[in-house]
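Going line by line, the protein sequences match chains S and X.
The first sequence begins at 5 in this note's numbering and counts up by one.
The second sequence begins at 182 in this note's numbering and counts up by one.
Mixed in with the good hints there might be a few duds.
Partner residues aside, some chain X positions facing chain S, computed with beta carbon under 8 Å [what the hints assert, rightly or not]: (1) R242; (2) G243; (3) Y263; (4) L266; (5) D267; (6) N364; (7) S366; (8) K369.
Hint data in this document are derived by calculation from the structure and do not stem from the laboratory.
As the structure is a computational prediction, the values presented were derived from the model and not from experiment.
A virtual CB, placed ideally from N, CA and C, is assigned to each residue, including glycine.
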Amino acid sequence: MNFEQCLKNEEKILFNLRYLYTKYGYLPFKMSKFEEYDFYARNKEFLVSDSVITFTDTHGKLLALKPDVTLSIIKNATEEKGAKNKVYYNENVYRVSGSTREYKEIMQAGLECIGDLDLYDMYEVVSLSAKSLALISKDYVLEISHMGILSALLDTVTTNSEFKSLVVDCVKKKSEHELRECCEKFGASKEATEMLTDLIKLYGTPSDVCDKLKKMKVSPEFDLATEELCQLCQLLESTEEYKSIRLDFSIVSDMNYYNGIVLAGYINGVCECVLFGGRYDKLVSKMGKNGGGVGFAIYTDLLASLNKDEKEYDVDVLLTYKPSTPVTKVQKTVEKIVAQGKTVSVQASIPKSLRYKELKEMED
Amino acid sequence: MINVALPKGRLGEKVYKMFANSGYECPSILENSRKLIFENEERGVSFFWVKPSDVSIYVERGAADIGVCGKDILLEYEPNVYEMLDLNMGKCRMAVAGKKGFHDSNVATLRVATKFANIAKKYYASKCRDIDIIKLNGSIELAPILDLSDVIVDIVETGTTLKENDLEVVETIVPISARLIVNKSSFKFKTEEIENIAKALKAQVEAND
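So here's chain S without its partners, still in its complex pose:
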């Protein structure tokens, strides 16, 4: 038994991620467990779930157990022309977890880059998100989308917000049949319907999808978003992670907060998205700061199901002693076993639930 064998899979991942982010100059961010509830209430839609655990502090102020880290990082970000706040975190957050729909304490790891952002920053964060997934498993997919593409397409099709929101729902579900019904109901033109259904079907490698996007004639805003996405993909082409990157427009986030690239990461064997992030300039500006923000979070609680190497035994040696056995004899025997690199449990009798490889019974 060595130190590494002692760590759980999620713990190993967290250490590896911390090492990765530190190498790229990201600094650790530590925050308190509680924030004022009002802080989260003002940005409710940004949170993954709007259920927040609240309580009253000793002065009667309503506090919340933190459901998110990004908001606090933005609040603490400093503004300096040309500079960026680059931080990473491993923090417990408290919120309703994906499919269980119950409150959970979730260990979340992630990083944020806030400030005067440019193409390199986008590349760095996206590339680090892919590298993070690669550290978890070789069998992963990082999906990238651009909110500007769907939003430009919607703006050319309609001004009706109800129609827009229904289209977004259909795109999220990759539901072509419902999208067609919806377009018919709202009287969208045949051309508009085809453009929207084309977007649902667009899924694949960056080079394939970028070629198709460039052929679509929608609007100057659409071209601008396409250009930004394709430029980013070009930069990623030289990386080892490129082969695991796909473009998919069904990843849609709240348009009030996110405005550019959106990321979603999947690991084979985990039924939900394990990494989520994107560019959130609108949120940064809503919080009264200049510049933009981009980052991602990894839901490490979902990784517990990966590489479950169930041990056959709890300990290598079960050492039992009698009331008459001298303590010094027990002490020396234990140290000898530990020095051999074995694990040992010392007991006066054999516990029913303990699984051991070898039993050593000490005599007087």
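Since chain S is already given, all that's left is putting chain X on it; use the hints.
Below, chain X without anything else, positioned relative to chain S:
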């Protein structure tokens, strides 16, 4: 291997036939046996029957890569899955029904008995109507007859049960049919296989139209 969750019952049998006609057959599924999982290694599919309302859980949690379930279940439980195809079968509608001649005068809270609490809540919220949900698990039609509720929200296929009990449809909420649903993570790692199945099923749906 693609794991397929099929809903037990007539709808599931019809859906299996669609899979079989598309080349994803697994004859052992039709044998009267106690087996739970039916596999066709050559075609790379494995089927299992589950309670219709559980299909979306199996798919959302990744125990099944794909599955078939009614739109009613998707609207009620809102699972985080892709809904890739309308199979155009098992057609019916989600409707509000009440005693013959029922009129909602909008003066008091409306008592609504239903199995589909989420659908009912959302529907009435969209109309700004104050309601009291009475969650039942079966024999919904009894509720207005015994004055347990003013109306019911339930699936209506032919309307015969309603008619025989002096009830009638007040309004239709949404049409319902069977949908092909896909686990989001499975789609990323088995894209080609899943798209091939969806394409083959779509061809059959279009041929049946």
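Would the hint on R242 of chain X stand, with a C-beta cut-off of 8 Å toward chain S?
Check passed: Cβ of R242 of chain X comes within 5 Å of chain S, closer than 8 Å.
Let's test the interface hint: is any C-beta of chain S closer than 8 Å to that of Y263 of chain X?
Since chain S brings a Cβ to about 4 Å from Y263 of chain X, closer than 8 Å, the hint holds.
With 8 Å as the cut and Cβ atoms as the points, is S366 of chain X at the interface with chain S?
5 Å, holds
Measuring from the C-beta of L266 of chain X to each C-beta in chain S, is the shortest one below 8 Å?
7 Å, holds
Minimum Cβ distance from K369 of chain X to chain S below 8 Å?
Hint holds; K369 of chain X Cβ to chain S Cβ min 4 Å, cut 8 Å.
Do the numbers back the hint for N364 of chain X, that is, is its least Cβ distance to chain S under 8 Å?
6 Å, holds
Min Cβ distance, G243 of chain X to chain S: is it shorter than 8 Å?
With a minimum Cβ separation of about 3 Å from chain S (threshold 8 Å), the hint on G243 of chain X holds.
Status of the hint placing D267 of chain X at chain S (closest C-beta pair under 8 Å)
4 Å, holds
In terms of the numbered hints stated before, the structure departs from none.
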